[in-house]
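Chains P and B, in that order, are what the protein sequence lines are. In terms of UniProt numbering, the first sequence opens at residue 1 and continues consecutively. In terms of UniProt numbering, the second sequence opens at residue 1 and continues consecutively.
Keep in mind that the hints were calculated from the coordinates and are not lab data. Fair warning: this is a prediction, and the values are worked out from it, not measured in the lab. Any given hint could be a false lead.
[Claimed, not checked] Pairs of lysine-lysine residues, derived as DSS-like cross-links and limited to a Cα-Cα distance of at most 30 angstroms, are as follows:
#, chain 1, residue 1, chain 2, residue 2
1, B, Lys130, P, Lys188
2, P, Lys49, P, Lys130
3, B, Lys130, P, Lys49
Protein chains: 2
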Amino acid sequence: MEYITIASVPTELTANQFSLVYNAFSLCIAAMFAAALFFFNAKSQVGRKYQVAVIISGVVVSIAGYHYFRIFNSWEAAYALQGSTYLATEELFNDAYRYVDWLLTVPLLLIEAVAVLALSKEVARPLLIKLATAAVLMIGTGYVGEVADSITTRAIWGAVSTLPFLYILFILWTELSQAVERQDRRVKTLLNGMRFLLLFSWGVYPIAYLLPELGIAGATATVGVQVGYTIADLLAKPVFGLLVFSIARVKTQIDEAQVADQRPVTDTNGNRAEDLVGSTR
Amino acid sequence: MEYITIASVPTELTANQFSLVYNAFSLCIAAMFAAALFFFNAKSQVGRKYQVAVIISGVVVSIAGYHYFRIFNSWEAAYALQGSTYLATEELFNDAYRYVDWLLTVPLLLIEAVAVLALSKEVARPLLIKLATAAVLMIGTGYVGEVADSITTRAIWGAVSTLPFLYILFILWTELSQAVERQDRRVKTLLNGMRFLLLFSWGVYPIAYLLPELGIAGATATVGVQVGYTIADLLAKPVFGLLVFSIARVKTQIDEAQVADQRPVTDTNGNRAEDLVGSTR
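Please construct the entire structure, taking both the sequences and the accompanying hints into account.
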């Protein structure tokens, strides 16, 4: 049994099929880097203790932007227009970029989600170790399936990969459920949104992965898998990051209001207020 | 009926026609990234509650800069100089970049316009949902027309696309009219400028779209459409962003002056002043 590290793509695509994937990749590059610019510039809008979550959002979308740049170039090189159809060239389309991307970004996304909850270190650390280990197992086994030659091998490794995937969702879901109860009403709504976005966006990955198993083969499967992963990445990274940013901003407002109530004549601007409190204690 | 996703361009252009479009695209790349550098660096010149509007201005022109870079490269690859004329190559000019760009930037421009008004969340949210839905409908139906093979199909989808377009302008116009009345005199002048810039710059898009319908065909139509869209993008993004920045700056000065009136011996620097008011109420 030989594993090839490069995904097999159909030898022929219509102009519409090729362009749909091409334009989806280009949109994704633009969206990822735009989100990065937003997060890095908007981090000062949230209190200091939430800024790391926003910075990590920026890092995640930057990594994804880089990988979509590579994926776009690989897609462009893998096909050439002949008459009115696109035929596969000598160059192979490299799907490994996605798995390299997930290997870096999934643990960071988990850190981001935990960071914005602002849990204590004693709770956060074991949680992150469990989640990161499961993430690496999920991506590693998923990749073996993705590059497998036979549909059966793909299904088996896909099933193996689903176990750590479900474990991550279970941990995050229960942890978020607990966190939700402790929060202010506005934060509660946003955290609930985050729970459902996690479930929904992460749910797209196995569906895209499953397409070839469902008998949707050839060009349609490839277009479905590529566009599906792209949509999932847009939801799981920039949209998720915006939700984290919103949670951080609402929490900052709540923190500032509390400081203002306690200390009437003080500068309540973000971190500074916090620092003031600290320095006068 | 088959839709091709790549705009058909004339097979022959004079050197002047090719260069006019080429140089317009290059100018646009420079202007977009220059504006991005300005907005990201100048955001600290406005009070904290207006900074998100300025950051979004920076994000919008960055996305547009990326797309003009792609459009420029696509234009360059689509023609080759043969003797004294430019002949179409095998490479197709990809006009979809514009629609991908608008799909991302138009909702952001609407958010930007609403953000600088600093409306309450209860007013802003339903307004943005209406505007964003209309924007997606407008761009989607416009794209179908843009890539249509027949001039009739183009006209039909263009007309369909005009309905959400007019709806957006109507909503923004009435909302801005209401906002204008509530504002200080200096802000009033700027908001009025914003209303007219919106109407004028957005008005260029349907004119550029209409050129092929008006019997202006072939090379002249292509040059007109490309240069027209470029001018419209320059007005609707960097120039609009500068107006938003000016509004934010004047509003910041007014907020600071109010704080200074109430508390003669205080630091009136930007956000802090605003926060001080909050904390002493």
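Here is how each hint holds up against the structure:
Of the pairs offered as hints, the one joining Lys130/B and Lys188/P holds, with about 25 angstroms between alpha carbons and a cut-off of 30 angstroms not exceeded. Only pairs whose Cα atoms come within 30 angstroms are accepted, and Lys49/P paired with Lys130/P is accepted, the gap being roughly 23 angstroms. At most 30 angstroms may separate the alpha-carbon atoms for a hinted pair to count; Lys130/B and Lys49/P exceed this at roughly 35 angstroms.
Comparing the model with each earlier hint shows a violation of hint 3 alone; every other hint is respected.
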